[in-house]
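Participant: Chains A, B, C and D, in that order, are what the protein sequence lines are.
Under our numbering, the residue at position 229 of the first sequence is numbered 350, and the numbers go up by one with no gaps.
Under our numbering, the residue at position 18 of the second sequence is numbered 139, and the numbers go up by one with no gaps.
Under our numbering, the residue at position 211 of the third sequence is numbered 332, and the numbers go up by one with no gaps.
Under our numbering, the residue at position 74 of the fourth sequence is numbered 195, and the numbers go up by one with no gaps.
The reader is advised that the hints may include incorrect statements.
Because identical chains share one entry, a pair is satisfied inside a single copy or across any pair of copies.
[What the hints assert, rightly or not] Simulated pairs of lysine-lysine, DSS-like, Cα-Cα distance not exceeding 30 Å:
1) Lys209 to Lys345
2) Lys149 to Lys207
3) Lys215 to Lys149
4) Lys181 to Lys166
In case anyone wonders, no lab produced these hints; they're calculated from the structure.
Number of protein chains: 4
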Amino acid sequence: MKKIFFLLGLLPALNCFCQTDRSSFDPKVTEVWDLKPVKISPAKKIGDPPSDAIVLFDGKDLSKWTTAQNSEAKWDIKDDAMIVTKGKGDIKTKQTFGDMQLHIEWRTPDEVVGEGQGRGNSGIFLQERYELQVLDSYESVTYSNGQAGSIYKQSIPLVNACLKPGEWQTYDVIYMAPRFSENGRVIIPAYVTVLQNGVLVQNHTQIQGGTEFKGLPVYRAHGKASIQLQDHGNPVSYRNIWVREL
Amino acid sequence: MKKIFFLLGLLPALNCFCQTDRSSFDPKVTEVWDLKPVKISPAKKIGDPPSDAIVLFDGKDLSKWTTAQNSEAKWDIKDDAMIVTKGKGDIKTKQTFGDMQLHIEWRTPDEVVGEGQGRGNSGIFLQERYELQVLDSYESVTYSNGQAGSIYKQSIPLVNACLKPGEWQTYDVIYMAPRFSENGRVIIPAYVTVLQNGVLVQNHTQIQGGTEFKGLPVYRAHGKASIQLQDHGNPVSYRNIWVREL
Amino acid sequence: MKKIFFLLGLLPALNCFCQTDRSSFDPKVTEVWDLKPVKISPAKKIGDPPSDAIVLFDGKDLSKWTTAQNSEAKWDIKDDAMIVTKGKGDIKTKQTFGDMQLHIEWRTPDEVVGEGQGRGNSGIFLQERYELQVLDSYESVTYSNGQAGSIYKQSIPLVNACLKPGEWQTYDVIYMAPRFSENGRVIIPAYVTVLQNGVLVQNHTQIQGGTEFKGLPVYRAHGKASIQLQDHGNPVSYRNIWVREL
Amino acid sequence: MKKIFFLLGLLPALNCFCQTDRSSFDPKVTEVWDLKPVKISPAKKIGDPPSDAIVLFDGKDLSKWTTAQNSEAKWDIKDDAMIVTKGKGDIKTKQTFGDMQLHIEWRTPDEVVGEGQGRGNSGIFLQERYELQVLDSYESVTYSNGQAGSIYKQSIPLVNACLKPGEWQTYDVIYMAPRFSENGRVIIPAYVTVLQNGVLVQNHTQIQGGTEFKGLPVYRAHGKASIQLQDHGNPVSYRNIWVREL
Numbered sequence: 122m123k124k125i126f127f128l129l130g131l132l133p134a135l136n137c138f139c140q141t142d143r144s145s146f147d148p149k150v151t152e153v154w155d156l157k158p159v160k161i162s163p164a165k166k167i168g169d170p171p172s173d174a175i176v177l178f179d180g181k182d183l184s185k186w187t188t189a190q191n192s193e194a195k196w197d198i199k200d201d202a203m204i205v206t207k208g209k210g211d212i213k214t215k216q217t218f219g220d221m222q223l224h225i226e227w228r229t230p231d232e233v234v235g236e237g238q239g240r241g242n243s244g245i246f247l248q249e250r251y252e253l254q255v256l257d258s259y260e261s262v263t264y265s266n267g268q269a270g271s272i273y274k275q276s277i278p279l280v281n282a283c284l285k286p287g288e289w290q291t292y293d294v295i296y297m298a299p300r301f302s303e304n305g306r307v308i309i310p311a312y313v314t315v316l317q318n319g320v321l322v323q324n325h326t327q328i329q330g331g332t333e334f335k336g337l338p339v340y341r342a343h344g345k346a347s348i349q350l351q352d353h354g355n356p357v358s359y360r361n362i363w364v365r366e367l
Numbered sequence: 122m123k124k125i126f127f128l129l130g131l132l133p134a135l136n137c138f139c140q141t142d143r144s145s146f147d148p149k150v151t152e153v154w155d156l157k158p159v160k161i162s163p164a165k166k167i168g169d170p171p172s173d174a175i176v177l178f179d180g181k182d183l184s185k186w187t188t189a190q191n192s193e194a195k196w197d198i199k200d201d202a203m204i205v206t207k208g209k210g211d212i213k214t215k216q217t218f219g220d221m222q223l224h225i226e227w228r229t230p231d232e233v234v235g236e237g238q239g240r241g242n243s244g245i246f247l248q249e250r251y252e253l254q255v256l257d258s259y260e261s262v263t264y265s266n267g268q269a270g271s272i273y274k275q276s277i278p279l280v281n282a283c284l285k286p287g288e289w290q291t292y293d294v295i296y297m298a299p300r301f302s303e304n305g306r307v308i309i310p311a312y313v314t315v316l317q318n319g320v321l322v323q324n325h326t327q328i329q330g331g332t333e334f335k336g337l338p339v340y341r342a343h344g345k346a347s348i349q350l351q352d353h354g355n356p357v358s359y360r361n362i363w364v365r366e367l
Numbered sequence: 122m123k124k125i126f127f128l129l130g131l132l133p134a135l136n137c138f139c140q141t142d143r144s145s146f147d148p149k150v151t152e153v154w155d156l157k158p159v160k161i162s163p164a165k166k167i168g169d170p171p172s173d174a175i176v177l178f179d180g181k182d183l184s185k186w187t188t189a190q191n192s193e194a195k196w197d198i199k200d201d202a203m204i205v206t207k208g209k210g211d212i213k214t215k216q217t218f219g220d221m222q223l224h225i226e227w228r229t230p231d232e233v234v235g236e237g238q239g240r241g242n243s244g245i246f247l248q249e250r251y252e253l254q255v256l257d258s259y260e261s262v263t264y265s266n267g268q269a270g271s272i273y274k275q276s277i278p279l280v281n282a283c284l285k286p287g288e289w290q291t292y293d294v295i296y297m298a299p300r301f302s303e304n305g306r307v308i309i310p311a312y313v314t315v316l317q318n319g320v321l322v323q324n325h326t327q328i329q330g331g332t333e334f335k336g337l338p339v340y341r342a343h344g345k346a347s348i349q350l351q352d353h354g355n356p357v358s359y360r361n362i363w364v365r366e367l
Numbered sequence: 122m123k124k125i126f127f128l129l130g131l132l133p134a135l136n137c138f139c140q141t142d143r144s145s146f147d148p149k150v151t152e153v154w155d156l157k158p159v160k161i162s163p164a165k166k167i168g169d170p171p172s173d174a175i176v177l178f179d180g181k182d183l184s185k186w187t188t189a190q191n192s193e194a195k196w197d198i199k200d201d202a203m204i205v206t207k208g209k210g211d212i213k214t215k216q217t218f219g220d221m222q223l224h225i226e227w228r229t230p231d232e233v234v235g236e237g238q239g240r241g242n243s244g245i246f247l248q249e250r251y252e253l254q255v256l257d258s259y260e261s262v263t264y265s266n267g268q269a270g271s272i273y274k275q276s277i278p279l280v281n282a283c284l285k286p287g288e289w290q291t292y293d294v295i296y297m298a299p300r301f302s303e304n305g306r307v308i309i310p311a312y313v314t315v316l317q318n319g320v321l322v323q324n325h326t327q328i329q330g331g332t333e334f335k336g337l338p339v340y341r342a343h344g345k346a347s348i349q350l351q352d353h354g355n356p357v358s359y360r361n362i363w364v365r366e367l
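Let's have the full structure, built from the sequences with the hints guiding it.
Facilitator: See below:
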């Protein structure tokens with residue numbers, strides 16, 4: 122019989138100094154006092170930004186955003202939401218980020234148009250390159266690694282947790298940026314956890330490289346980068362976007 | 122200059138078959154169609170149980186719970202909450218769990234009594250042994266690896282995201298159970314991610330072993346186990362408890 | 122200035138009980154006595170099997186092996202090595218494995234024939250499905266995720282650490298099997314670390330699913346499985362194969 | 122019956138575009154050509170430095186080493202080995218390192234003196250703070266998280282893979298440095314894998330913070346740092362030390 126560990130306590134002849142009697146241990150030895158987490162104020166309502174969040178969009182204006190080409194962002198704003206405006210192109214945050222907790226709310230059009238990848242398609246590019254898919258895949262059929270909640274063409278969501286088109290949905294994202302060696306090789310890949318509407322859809326998923334429509338994802342070294350929202354030609358809305366740097 | 126990877130495209134003499142021209146690639150090759158995530162219905166309100174959740178406490182009764190000794194659970198229920206009832210001991214779920222997403226809400230007494238570990242102390246034992254601390258540490262001073270949001274005596278929360286005593290707080294927990302070899306040795310430790318009031322306080326934290334008041338944590342092999350709530354003598358309340366098996 | 126943690130020791134007014142003075146701590150509290158690792162005997166010569174290894178091939182016979190179809194393995198044996206014998210098909214271990222440390226030595230023909238994937242091609246399928254590539258890629262050009270040391274079509278080796286064709290090479294592999302949920306979904310992917318000729322070529326690489334020649338890898342639930350060696354039509358030799366279950 | 126994933130292929134009515142027929146896929150789409158690992162030369166004999174290694178000690182002199190206080194290192198050298206020389210203090214590499222593969226050989230005195238932590242004690246401090254224990258624990262009894270192969274007071278080795286006192290032993294170490302946030306908090310802990318005499322004794326072990334004799338380990342932010350060898354008063358020998366930066 123194989124045995125890797127055995128309990129010394131079970132041995133017939135036992136050196137008394139081998140038995141761990143914890144009762145006499147001072148519990149203070151395993152207390153840590155000299156590092157204190159900073160106190161922040163969480164929101165009263167889950168989903169609203171806590172005191173240490175950077176609010177990226179509060180319904181008023183696009184002052185924190187530019188186009189992907191660094192010119193003025195021109196998506197429409199209506200009813201406290203920004204709306205992908207066809208032909209205006211992707212927009213991205215002026216500020217760049219690494220590891221972060223991201224909250225973002227999105228809504229696909231209540232008037233359903235198109236199918237598969239043509240229905241309510243947009244996307245959230247973490248660090249401008251790793252796409253968390255936004256899509257109306259409530260009932261529409263598409264490939265599983267391309268539906269809402271997927272890391273596009275890399276990781277299928279654990280469940281389809283979509284609400285109906287026209288309803289506001291939330292993504293709560295914990296994102297750990299990749300680390301690169303001095304030689305430009307990825308040495309710690311990115312990891313992402315996503316809750317969609319409060320339901321876990323990506324569980325510490327390892328990202329395989331930059332999102333690719335064709336062929337395999339590949340890592341290319343980069344530093345901090347923006348959060349980028351995709352103009353895929355469909356009027357998807359976004360609101361209540363905030364981020365906490367980790 | 123050292124270089125681990127180089128781009129073949131930069132070489133003067135390039136074998137044409139080495140250059141990857143993705144333009145001709147068929148994008149269907151990286152679509153996955155034949156695995157489909159099951160469709161579930163998320164709650165309309167974040168925090169409420171989605172359709173695939175097991176509701177452990179809905180405010181009505183303790184029918185899903187027993188004492189740690191498997192007799193009838195006798196905590197008081199009031200205003201849709203269960204209250205730690207001094208002397209009634211810990212309670213645990215009748216059902217046992219492994220990997221899970223757990224939602225639980227808790228409230229420490231609005232009348233502040235005691236200090237440090239004596240103020241509003243309770244705890245959530247994942248699999249009956251790994252304690253996510255519950256404590257009124259809004260203003261009270263205690264050791265950092267013993268405050269609310271800590272994995273007790275193992276991991277300090279990233280921030281103090283506490284609400285005031287008397288206010289309802291939430292934990293959203295993603296828990297990956299440890300894996301043991303046939304010999305009883307831990308081979309993949311447990312990992313836990315915790316959002317407190319929507320704020321990340323534990324980020325894929327590796328659990329070091331069973332929670333110990335004295336001495337170091339140590340792993341001992343186990344299978345599925347209950348979620349256990351601690352009676353530490355303070356009237357802490359719990360409500361809206363649900364779990365999704367992963 | 123943002124600050125998540127601060128040192129209490131730096132504060133002007135310090136509650137004396139907050140400062141951790143470790144000098145009075147009993148060092149015994151952080152000693153662990155009651156779990157003892159089993160004592161094994163390592164080999165005198167690195168590469169030879171330690172006392173707790175299961176020797177899968179010692180140069181004598183194929184008694185531990187069958188074909189993939191569970192009939193008698195018929196590869197040739199010569200000079201203490203087994204040789205891929207064209208047309209005899211893949212062979213696999215009779216015993217099945219999960220997490221393991223694997224040592225295996227291989228040699229591609231000293232007479233170089235063919236190019237790219239046609240030169241000295243074989244492969245080690247961990248659990249019958251995850252291929253660690255064996256190839257003469259000392260000087261031959263092929264795709265990087267298909268050269269020796271790669272997880273085939275998934276992960277490029279960190280460096281090309283190949284010896285010349287005709288020389289014996291070693292793989293030391295640390296393999297953690299994937300874990301699946303009761304529903305057949307992968308919940309912890311497989312990870313693999315590989316040293317080729319003593320040089321790290323795969324560093325805790327996450328495996329993305331079963332090896333696929335066409336299209337993306339996909340996980341399908343399985344239990345313990347064999348180590349399988351590929352007949353790719355080239356007379357690659359293997360010797361000194363042993364495994365330690367973790 | 123619960124089911125997270127189902128195979129579309131099993132459904133009675135199947136949309137033909139849902140079934141993945143991989144046979145028509147072009148296998149080139151999953152080839153990666155444009156990133157090439159650099160070619161290095163492994164040693165002919167396992168344990169000797171490959172061509173891209175930095176040799177830290179080749180048996181001749183301590184030119185790559187200083188004392189912990191940055192003055193001249195004064196350990197004795199004899200028979201191509203350096204020997205811990207009582208009273209000369211710890212020595213460390215002049216060069217500093219982050220992620221690395223480390224090879225080091227060590228020998229405790231063949232004349233056994235002392236017991237437990239007093240017998241052939243030294244240690245290898247990764248980045249000057251995370252101790253991989255060196256000890257004659259072939260037969261001597263000590264606490265398990267303090268024996269050879271342990272991460273001192275943090276992680277027990279998987280097996281006791283020690284050779285006899287007086288025999289040369291090897292450590293092959295894969296070390297991933299911790300990453301800290303801009304605020305000084307650890308955001309990705311260090312991980313270490315150790316083969317002792319070719320046998321896995323630490324398997325992707327998470328390091329909990331700097332090594333502490335008393336109390337719990339705690340992380341404090343740092344950058345690249347030296348490899349440091351401990352003078353614990355016993356004449357332990359070291360030889361053939363090399364490192365590869367990852």
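Participant: List, from low to high, the hint numbers that the structure doesn't satisfy.
Facilitator: The structure breaks only hint 3.
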